[in-house]
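Based on the provided sequences and hints, a complete structural model is requested.
Given next are the chains, with one letter for each unit.
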Amino acid sequence: MRKSILLKQGSMGAVLAVIGVIFLLPFIYMLSTSFSRQANIALPYPPQLIPEDFSFFNYIVMLKSFSVGLYYFNSGIVTSSVVGGVLLISSLAGYAIAKGSFRGKYFIFLLILATMMVPFQIIIVPLYILMLKIKLYDTRLALILPVMANGYSIFLMIQYMKSIPDELLDAARIDGCNEFKIMWQIVLPLCKPVLAALAVLNFLWNWNSFLWPLIALEDMNKFTIPIGIAFYQQQFTAYYGTMMAAATVAIIPVLILFVLVQRYVVRGIALTGLKL
Amino acid sequence: MRKERHWYLFVAPALGLFLLFILYPLVWNFYLSFTKSSLIRTTWVGLFQYVRIASDRTLLNALYNTLYLTFFNLLTQLPLALLIATLLNEIKYARTPFRIIYFLPYVTSIVVAAIIWTYMFDPDEGIFNWFLRLLGFKGLLWLSHPSTSKLSVVIFNLWHWLGYQILIYLAGLQTIPPQLYEAAEMDGANSLQKFSKITIPLLKPTTVFLVITGTIGGMQTFQQIYMFGTAVGNPGRSIQTVVAYIYESGWVLQHFGIGATAAVLLFLIIMAITVVNVKFLIREK
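Chains Y and P, in that order, are what the protein sequence lines are. Counting in the numbering used here, the first sequence runs from 51 upward without gaps. Counting in the numbering used here, the second sequence runs from 103 upward without gaps.
Simulated from the structure, these hints should not be mistaken for lab results. A quick note: this is a predicted structure, and the numbers were derived from the prediction, not measured. The beta carbon of each residue, even a glycine, is placed where N, CA and C say it ideally should be.
Below, computed lysine to any residue pairings styled on SDA-like, alpha-carbon distance capped at 25 angstroms: (1) K155(Y) with L119(P); (2) K212(Y) with L117(P); (3) K381(P) with M167(Y); (4) K194(P) with R313(Y); (5) K296(P) with I69(Y); (6) K242(Y) with R201(P).
Label-pair restraints from in silico Cβ distances: (7) S298(P) with I110(Y): 55 to 65 angstroms; (8) R154(P) with G119(Y): 43 to 53 angstroms; (9) P307(P) with Q88(Y): 48 to 58 angstroms; (10) A164(Y) with N191(P): 29 to 39 angstroms; (11) V354(P) with G134(Y): 32 to 42 angstroms; (12) L304(P) with I127(Y): 44 to 54 angstroms.
Non-contacting residues of chain P with respect to chain Y, defined by C-beta distances greater than 10 angstroms in every case (computed): (13) F136; (14) R143; (15) F174; (16) G290.
Spelled out as C-alpha cells, the structure:
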C-alpha cells in the first residue's frame, strides 16, 4: 500500500515535470538564442541549450538600438498611475455602494456591472476620435484615463466591503468621524488582501496592454514596452539574437516580480473564478 | 436626507469616467455605424454599412477565423487544464513551484511571447521542425502557410492560457469536500468513476465560467495575430480576427465607419454569448 502511493506520487511528479519543461521551453529557447553569437545570421540549428559560441554580443547590439530604459520608464509611469487610480476610485465607489444609502444606488450598481460587459476592443474607434477631439491623443493620459474606472475592480471591492460588519462603522460614526475618514482609516486597512490582489491584477492587465497604446500613441518617446518591442521587431526581425536579447530584457524583470508576488496573483485570479 | 448627498462624491469619479470613456463611446460607436466616416468627414448613410459588411467576404472570413480559433482553443485547453489541475491537486509535494511555472506564460506579454514563438515556428531552423525531423517526420510550414497557421495560433494560445485555466480549476477542485470521494471509495468506485461521477459534475459551474471567459477572450484576440501576421492576419488572411479587421478598417484603410459597424457586430455576438451563458448559469442554480 505504502509503496503504491509512493509510486503514484512519483509518477505524477514526473508527468507534471515534463509538462513544466514544455511550458518553460520558449523561455529557455529565448535565453539560449540570446547568448549565441551567430544567432544574428541564422537560428542555432540544431538548437543548443548552452550555445557553443556563447557571447554577450547580442545584448551589446540590443542596448545600442533598443531604448529599453525609456520604454520601462513609460510603462512604469502609465501602469503605476493606472493601478493607483483604480485602487482609489474602486475603494470610493465600492464603499459608497457597499455601505452607503442614497437614491439611485442600485441603478449605479447595475451600470457598473454593465460596463464589465463592454470589451475595450468594441469602442476603440470612437475612443480614438474622442482622444483626438479632447487633445489627449498621443499623451500618456490617453492610456491612463479610460482604464482607471474598472468595473470588475469596483465589483470586487463592493463584494469584499459588504463582509465588513456595520457595527464597526457605526461606532466610528458615533465618535463623529466623517465617511471618508471611516473608509480611509477603518475600512481600507481591512481590505488589504483584496487591494493587493487588485493591484497585481491591474498591473498585469496594463503592463501588457497593446492594442490601445498602439492606437493612441505616435511619439516613440512615449512608447510602452509592448509597443516599443513590436516596433523594434519590424526593423530587426532577421536579427534573431538581438531580438531575443530584447525579449529577455522586456520580460525577465516582470517574471521575477511575478514569482515574488505570485501569492497575490493566485488569490486575485481565484477570486475572478469564484465570484461568478 | 441631507447626509445622503456626500455619497455621490464617492461614486462621482467612477461614474464620470464610465460615462465619458465607455458609455459615450459606445453610443457614438452605434452612431458611427450608420455613417460613412473618415476622420475629416462624416456623412449619414443609414444602414448602408450594415448591408456592405453583410456581403464583405473579408469580414465573414475574419468572423469564421475568430470562431474557429475560439472553438479549438476551448476544446484543447479545458480538458488539458482539468487534467493537470487534478494532478496538481493530488500531488503532495512541489505544488507551488509547478503552479508558478505553469502560470509564467499567462503573465508574459503576448507581444513578446509571439516574437519568441515566431522563431520557434520557423520552417527551416525552428525548434518545432527540428523536433519533428528528429522523430523522422517532415517539418511543417507552421505560420508560413494558411493550412497550418490556425493550428500554430491554437498551439500558441494553449501555451498562453493553460496556466490561467489550471488555476481556476484548481480553485474549483479545492471546494469539493473530500468526504464525497471517501464515500465513493467505500462503495468501491475506481479513480475513473470518481473523476467522471464526482469531479466533472461538481466542476460544471467552473467549466461554464471558463467557457464564458474563454469565448469572450477569444472574440477579443488581437495581439498574437498582429505579431504573427500583421493587421491583415497573414498568410492570406488565414488568421485575421474580427478585432484585427476593425483595426485594419480604421487604422490601415481609414474607413472608421466600417470599423465601427464591425465593432457593433462583435458587441452583439459577445452580448448574445453572455446572455445565453448567464441564463444557463441561473438555471443551474
